[in-house]
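Chemist: Start from the sequences and build out the full structure, keeping to the hints where you can.
Counting from 337, one number per residue, gives the positions in the sequence shown under my numbering.
Treat the hints as calculated values from the structure; they're not laboratory data.
Taking lysine to aspartate or glutamate pairs in the EDC-like style, the calculated list, with each CA pair at most 20 angstroms apart, reads: (1) 846 - 869; (2) 504 - 483; (3) 403 - 477; (4) 588 - 379; (5) 846 - 810; (6) 727 - 754; (7) 484 - 536.
FRET-style restraints, in silico, Cβ to Cβ: (8) 412 - 450: 17 to 27 angstroms; (9) 412 - 483: 18 to 28 angstroms; (10) 677 - 823: 51 to 61 angstroms; (11) 636 - 877: 53 to 63 angstroms; (12) 654 - 360: 21 to 31 angstroms; (13) 665 - 369: 50 to 60 angstroms; (14) 490 - 380: 49 to 59 angstroms.
All residues carry an ideal CB built from backbone N, CA and C; glycine is no exception.
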Amino acid sequence: MPSLRGMLATASVKHKLLALFGCTLAGFCLVFAVDSLGSRYLERTQELERLSVTAAMEVLSMRRQEKNYFLRHDPASLAAVRRHQQAAATAVAAIGDLDPQRDEARETALRLLRKYLDGFLAMADTPEAPGVDAPAALFLERSQALDKLESASPILARGLTQLRSQEKRWLASGAPDSLTRLVSQATQLAVLARNQGEADAATTLAAYQEALQAYAGRLEDAGSQSAAFVAAARALEPMTEELRRHYEARRKAIDRDTDRITTAIQAGVIVLVALASWIVFRSVATPLAVLGRHARRVARGEETNLDPAAFTGEFRSLAEDIGRMEKHLVATILDLARKEREAAEEARRAREARKRAEDLSRVKSNFLSLVSHELKTPLTSMIGFAQVMKKRLERGGPLAEAAASRPDVAAECARFHDNLDIMLDEGRRLAGLIENVLELASLESGNAALNLGPVSVAEVIDRAVEPFLLPMSEKGLRFVRDVPQAMPPLRCDRDRIVYVLRHLFSNAVKFTDAGQVSCLVRLEDGMAVITVEDTGRGIPSEMREAVFEKFLQLGDNLTDKMPGLGIGLAASRAVIEYHGGRIRIAGEPGRGSRVTIAIPLAEAA
337 MPSLRGMLAT ASVKHKLLAL FGCTLAGFCL VFAVDSLGSR YLERTQELER LSVTAAMEVL
397 SMRRQEKNYF LRHDPASLAA VRRHQQAAAT AVAAIGDLDP QRDEARETAL RLLRKYLDGF
457 LAMADTPEAP GVDAPAALFL ERSQALDKLE SASPILARGL TQLRSQEKRW LASGAPDSLT
517 RLVSQATQLA VLARNQGEAD AATTLAAYQE ALQAYAGRLE DAGSQSAAFV AAARALEPMT
577 EELRRHYEAR RKAIDRDTDR ITTAIQAGVI VLVALASWIV FRSVATPLAV LGRHARRVAR
637 GEETNLDPAA FTGEFRSLAE DIGRMEKHLV ATILDLARKE REAAEEARRA REARKRAEDL
697 SRVKSNFLSL VSHELKTPLT SMIGFAQVMK KRLERGGPLA EAAASRPDVA AECARFHDNL
757 DIMLDEGRRL AGLIENVLEL ASLESGNAAL NLGPVSVAEV IDRAVEPFLL PMSEKGLRFV
817 RDVPQAMPPL RCDRDRIVYV LRHLFSNAVK FTDAGQVSCL VRLEDGMAVI TVEDTGRGIP
877 SEMREAVFEK FLQLGDNLTD KMPGLGIGLA ASRAVIEYHG GRIRIAGEPG RGSRVTIAIP
937 LAEAA
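Modeler: So, in structure tokens, the structure goes:
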């Protein structure tokens, strides 16, 4: 057979908790059973005690009615004696029915009650009973005289009250001790009355003593017919009182024994539950502590040696799960370390690539800036010489005179004039491209100096749109300008904002063949929002951010390639963001485009 310790060691935590619960439940059930059984015994004993008390009270009432009968010999007292005797006998008989144990005191009480009733009825039917008994009448008369004496003599009032109480106790019990105390009190009161000089009171008390002795002697006369009755009457009250004390003692014993048994069971249950709780605690806390130490070693990265075989029940399964989790965790850490090394290598490559891109961008910007500066000077000279040549052709001179006489010279001069117009247009366009490149390079390098100040919105728009009014008119486009009258001034560099708006108007005119070009202004969050909107070819949604890239043009995507380097919008965004604003573009193919710029107000700044 396996030992208890071995069973507890191999039992699961669930079974241990169930055993603990069973011990607790069994203890409570046992306490409840003992308490219920004790309550039933206690209730029965209380009922026996109540019946014994009832019997004792009925005996006392019977004795009082007995005294009344012997004083007055009236039929009512006789019937009352019979009634109380019957009630007392019924109570004692009920005790016998309720208590299965044979009790000598109960049997004696029943016998004395029958003997008392027989003796009482025999005395009640004696020839002396037709009239009032002479000793009893005399004692009644002189006892009543004491009532008058009590009101006439205040000095004796307290003693007379005690005398009357003692007389009632003697009449109720008939005990010799009560009679002796009654006679002693009457004698003491008579002596007190003589000492106080109250002769009448002393005489009355002496007469009371004589009547008392005569009446008591008649009741205690052993040779008379009432000797057996008196013996039964005197033994009846102590017997009923003994019966009452017997069941009272039994009730207290049952109550005491029940409390002791309940306390013992509760103490045993507490000890058993405490022991079971300690066993469960040890069986749970010890493996948890081991697993906790193992988890802390794993967290510190120390070497572990968890052995699932050292555990039992659920903790063995938990240890196996922890072992599998630890292996998975180690594999995950190794994988993360590998990925971290790969990510570090990728980051290093990305940094190198970014550095190369930044170097290339810087080289490209420097190259463009250098080339632009180198091109700007000769281009300016070329434009100047072309303007001079065009003016000389237009002013006249030898060529004009020769052209007037010779048609071939006139045709050649016309071709020269057209070629000069082309040279000037292309030169100005190329100069504008160089300006864009220089502006973008300046902004990207952070060397651009802004001449900030309050600028009127309407003035900036009018200066920016002025060069494009004639091309709009030539293409049949309508220009709409909406600027609020109370529009606050901007805080910006006037020339650079004009530069941005000219790019926006240039694109609007370039890509719009019919309809209108609008410029709308509104206030929003402390900034002036300027929108340039057209009814041209629009822009695909996927290209809305790409158009701000350098050297990107949408001409090939829409129709034919438009003239330019594709840096206008890139330079425009750089200018707007340099001012602390923002630029957005929207639109759909065939529905026009809408470019919105937001510039801080002077009052907001």
